[in-house]
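S.K.: Using the sequences and the hints, build the whole thing.
For the sequence shown, counting from 1, position 13 maps to 13 in the numbering used here; every step adds exactly one.
It is worth saying that the hints were derived from the structure and are not from the lab. Treat the hints loosely; a few may be bogus.
For lysine-lysine, the following BS3-like pairs were computed, each having C-alpha atoms within a straight-line distance of at most 25 Å [stated by the list, open to error]: (1) 72 <-> 38; (2) 137 <-> 148; (3) 53 <-> 38; (4) 88 <-> 176; (5) 146 <-> 70; (6) 92 <-> 113; (7) 164 <-> 92; (8) 38 <-> 70; (9) 92 <-> 176; (10) 113 <-> 146; (11) 92 <-> 38.
Restraint ranges, calculated between C-beta atoms of paired labels, are given here [stated by the list, open to error]: (12) 128 <-> 77: 46 to 52 Å; (13) 57 <-> 172: 24 to 30 Å; (14) 7 <-> 61: 20 to 26 Å; (15) 128 <-> 7: 33 to 39 Å; (16) 128 <-> 152: 16 to 22 Å; (17) 85 <-> 61: 48 to 54 Å; (18) 124 <-> 167: 41 to 47 Å; (19) 97 <-> 151: 37 to 43 Å; (20) 156 <-> 134: 19 to 25 Å; (21) 162 <-> 141: 47 to 53 Å; (22) 115 <-> 141: 20 to 26 Å; (23) 9 <-> 155: 29 to 35 Å.
Please read all numbers here as calculations on a predicted model, not as lab measurements. Glycine is no exception: its CB is placed at the ideal position from the N, C-alpha and C atoms.
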Amino acid sequence: MSDCNGDGFCLRQGDGPNGYELNDCPHKCVPEECPNFKVCGSINPKAILQCHKGTCMNCAAMFGKPPSYKGKLIFYDSVECPVCLDTKPGVKQPNCDHIICIDCFTRCQYGEKIQQPVFPYSRDIEDEYDNAPDDPKWLNDLLIKKYKEEWLLYEIAVDDNYMKEQGLRVCGLCRK
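M.R.: Shown next, in the form of structure tokens:
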């Protein structure tokens, strides 16, 4: 018998649908979408959402802090975006009452997506590497050396982009 009380603690992260292994829980627990799923794409057990006032951890950190404490964003079916000038689904800014389209909001909040380096070997070998990256057998592997260099450059590019795009994470209309 499961210790689960219907809050999703029975779910385990894995390769199942939405990143969780489904099991034979008597409560039929499944991961739930964050209320801000349209922008964050996060799916979690109900218990995780309850820990952060009903949102995923990232949304709680990004949108559930001063001055707004909104956490849950407000979505609209159709708005005329003042940024791209298109009419499409929109979202109210977390720190003011301006509304922009979800695409522009996501771009402003999460920045430009940079492609991560691809591991040079199979998934099994990648798991082995992830579990013991300091294992001496990786020291002289040329592909692993190249991968580490590419990963370092990737991390620097992500940090640089984050700092460069800092001004985008405020409302483009009122700068809040």
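S.K.: The structure should be examined with respect to each hint, and the outcome stated for every one.
M.R.: Hint check:
1. Of the pairs offered as hints, the one joining residue 72 and residue 38 holds, with about 11 Å between alpha carbons and a cut-off of 25 Å not exceeded.
2. For the hint linking residue 137 to residue 148, the alpha-carbon distance of about 14 Å falls within 25 Å, and the restraint holds.
3. Of the pairs offered as hints, the one joining residue 53 and residue 38 holds, with about 18 Å between alpha carbons and a cut-off of 25 Å not exceeded.
4. At roughly 23 Å between alpha-carbon atoms, residue 88 and residue 176 fall within 25 Å of each other, so this suggested pair holds.
5. Straight-line distance between C-alpha atoms of residue 146 and residue 70 comes to about 43 Å, which puts the hinted pair past the 25 Å bound.
6. Proposed proximity of residue 92 and residue 113 is supported: the alpha carbons are some 22 Å apart, at most 25 Å.
7. Between residue 164 and residue 92, the direct Cα distance comes to roughly 24 Å. Compliance with the 25 Å bound is thereby established for this hinted pair.
8. Proximity of residue 38 to residue 70 is assessed by CA-CA distance (about 16 Å); at most 25 Å being required, the pair is judged to hold.
9. Taking the CA atoms of residue 92 and residue 176, the gap is about 13 Å. The hint holds against a cut of 25 Å.
10. Proposed proximity of residue 113 and residue 146 is supported: the alpha carbons are some 22 Å apart, at most 25 Å.
11. As the CA atoms of residue 92 and residue 38 are separated by approximately 12 Å, the hinted pair is consistent with the 25 Å bound.
12. The hinted window of 46 to 52 Å between residue 128 and residue 77 holds, with their beta carbons roughly 48 Å apart.
13. The hinted window of 24 to 30 Å between residue 57 and residue 172 holds, with their beta carbons roughly 26 Å apart.
14. For residue 7 and residue 61, the Cβ-Cβ distance of about 21 Å falls inside the hinted range of 20 to 26 Å, so the restraint holds.
15. The hinted range of 33 to 39 Å is satisfied by residue 128 and residue 7, whose Cβ atoms lie roughly 34 Å apart.
16. At roughly 21 Å, the beta carbons of residue 128 and residue 152 sit within the given window of 16 to 22 Å.
17. Residue 85 and residue 61 have their C-beta atoms about 31 Å apart, which leaves the hinted 48 to 54 Å range violated.
18. In this structure the supplied range 41 to 47 Å holds for residue 124 paired with residue 167, their Cβ-Cβ distance being about 43 Å.
19. Judged by the Cβ atoms, the range 37 to 43 Å given for residue 97 and residue 151 holds: they are separated by roughly 41 Å.
20. Between residue 156 and residue 134, the C-beta spacing of about 22 Å keeps the proposed range 19 to 25 Å intact.
21. A hinted range of 47 to 53 Å for the beta carbons of residue 162 and residue 141 is inconsistent with their spacing of about 31 Å.
22. For the pair residue 115 and residue 141, the beta carbons lie near 22 Å from each other, so the given range of 20 to 26 Å is met.
23. Taking the beta carbon of each, residue 9 and residue 155 are about 33 Å apart, inside 29 to 35 Å as hinted.
Of the numbered hints listed earlier, those contradicted by the structure are 5, 17, 21.
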